[in-house]
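Asks: Sequence:
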Amino acid sequence: MRRHFLSLLLALLPVAPVAAQQAQPPAEPPRGAQPPEQPAGDAPPPEAAPPEASVPASDDPDGADEGAAAASRVPLAEIRRYVAVYNAVKEAYVDSVDDRALMQSAIAGLLLDLDPHSAYLDKAESESFDEQTTGAYDGIGVELLQQNDNTLKVIAPIDDTPAARAGILAGDTIIAIDGKPIAQVEAMEPLRGEPGSKVTVTVVREGRDKPFDVTLVRETIKVTSVRSRMLEPGYGYVRISTFQADTGADFQVQLDRLQAQAGGHLRGLVLDLRSNPGGLLTAAVQVADDLLDKGGIVSTRGRIPISDSRFDATPGDRMKGAPVVVLVDAGSASAAEVLAGALRDNNRARVVGSRTFGKGSVQTVLPLDNGDSVKLTTARYYTPSGRSIQASGIVPDTELTPDPALIGGDEVPASLAEISEATLPGHLRGDDEGAEGYRAGQPLPGDKPISAALAELKKQVARAPAAVQAR
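Quick note: the sequence shown, position 136, residue 136 per my numbering, numbers continuous.
Read the hints as simulated data drawn from the structure, not as lab findings. Ideal Cβ positions, reconstructed from N, Cα and C, are used throughout, including at glycine.
Below are the DSSO-like pairs computed for lysine-lysine, each with C-alpha atoms no more than 30 Å apart in a straight line:
#1 123 to 375
#2 459 to 294
#3 123 to 222
#4 90 to 180
#5 153 to 448
#6 210 to 153
#7 458 to 294
#8 320 to 459
#9 90 to 123
#10 222 to 448
#11 153 to 375
#12 153 to 198
#13 375 to 180
#14 153 to 123
#15 153 to 222
#16 320 to 458
#17 198 to 210
#18 123 to 180
#19 198 to 180
#20 222 to 375
#21 222 to 198
#22 90 to 375
#23 222 to 180
#24 320 to 448
#25 180 to 153
#26 448 to 459
#27 448 to 458
#28 123 to 198
#29 180 to 210
#30 294 to 320
Derived Cβ-Cβ restraints for the label pairs, each shown as a range:
#31 293 to 438: 32 to 38 Å
#32 438 to 95: 44 to 50 Å
#33 252 to 88: 56 to 62 Å
#34 434 to 183: 30 to 36 Å
#35 293 to 183: 48 to 54 Å
#36 80 to 183: 29 to 35 Å
#37 448 to 370: 47 to 53 Å
#38 107 to 150: 14 to 20 Å
#39 315 to 439: 37 to 43 Å
Can you make the complete structure from the sequences, with help from the hints?
Replies: Rendered as structure tokens:
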């Protein structure tokens, strides 16, 4: 597999590991990895600044590449404007403001209006982000996105965690924690805490007349990202709830176990990616490679050449061509969409469920020397066919609807019909965004979607070549 790993070289940042959609680099270098290309191209200087009224964002402008220096110049007039506002706050604000707190707010503000996935992470948030890749932390087990109105949008609850067991749904909005509005607490941090301690969240859900409280008991969340079982003799089921550092290896173990239970060969596989919020891009690529014998998996393209990468499959399909059905829903995002798109574009799997979330962007984590990090959107990713799913998602080949018994009635709440990247304030505009007939997906909890996916899988098995069925 040829893997061109993303990196980003910034003059003002210390040398530190950088990895696309992950907090830590993989333990071993990828096979066939190639060095990143160097930045190229000049950016025009801002119109308001004359040539002498700018400073390069580098400690050594004379040693920098001329084109790169031109692209990184900061207008002196804007620096003066910032200093003027800073001094005004320091001198005239009604209360004394700590220098560090004021500077922290200014730094966070640099990222605030970029897109919903770019953010400044302080040391505690950085450590929390790191823990998500290992799958062990103390909390309630939910993937959240902080919105501009100081509320927390639920992207997906994690399987078999307090949030999932309490009935928290993708699309819910948390407006308060322990009775305090989100604006008065440290965002998601109060949801974490000692195992056994309680936390009460106030939830808004369309279809409910008013907000309601849910009390949860925190526990150590040890996310088992891959689980499996036999649905029927010869028909396997693998559930991937998130993509962590060990997901690729765990998938191989679970798939081999199913193969052994089927007498050495599965007739077909249901791959369940519902409410999978994503995670490590490289983990999704590993799973795709295990099911593909050849072809592209995903490519990324950014504004600068070093954000460009491509992942290709290596020979060897662990399923030996047996049919695969991928089950997705509105909570399937990012790396989960990469996997679903790769398998479908290579005609390796049929996709069943509802339209996916539509997060088609790549985030690069840039560690700082003080323990904080910058999480920055650096590229869009594209399926093997060259299509970006940003703000449009993947439309399944066979669409399913939610089980009314699991969502509170026959009418689907409006919040469950509006779970998508396209509804997030400030999101990156997608190539296909706003296309005629667009309708956001819905979460599909419960076992009925699995039964529907199995029925579709059996159809694929019946159509498969005799040689595949005989294996």
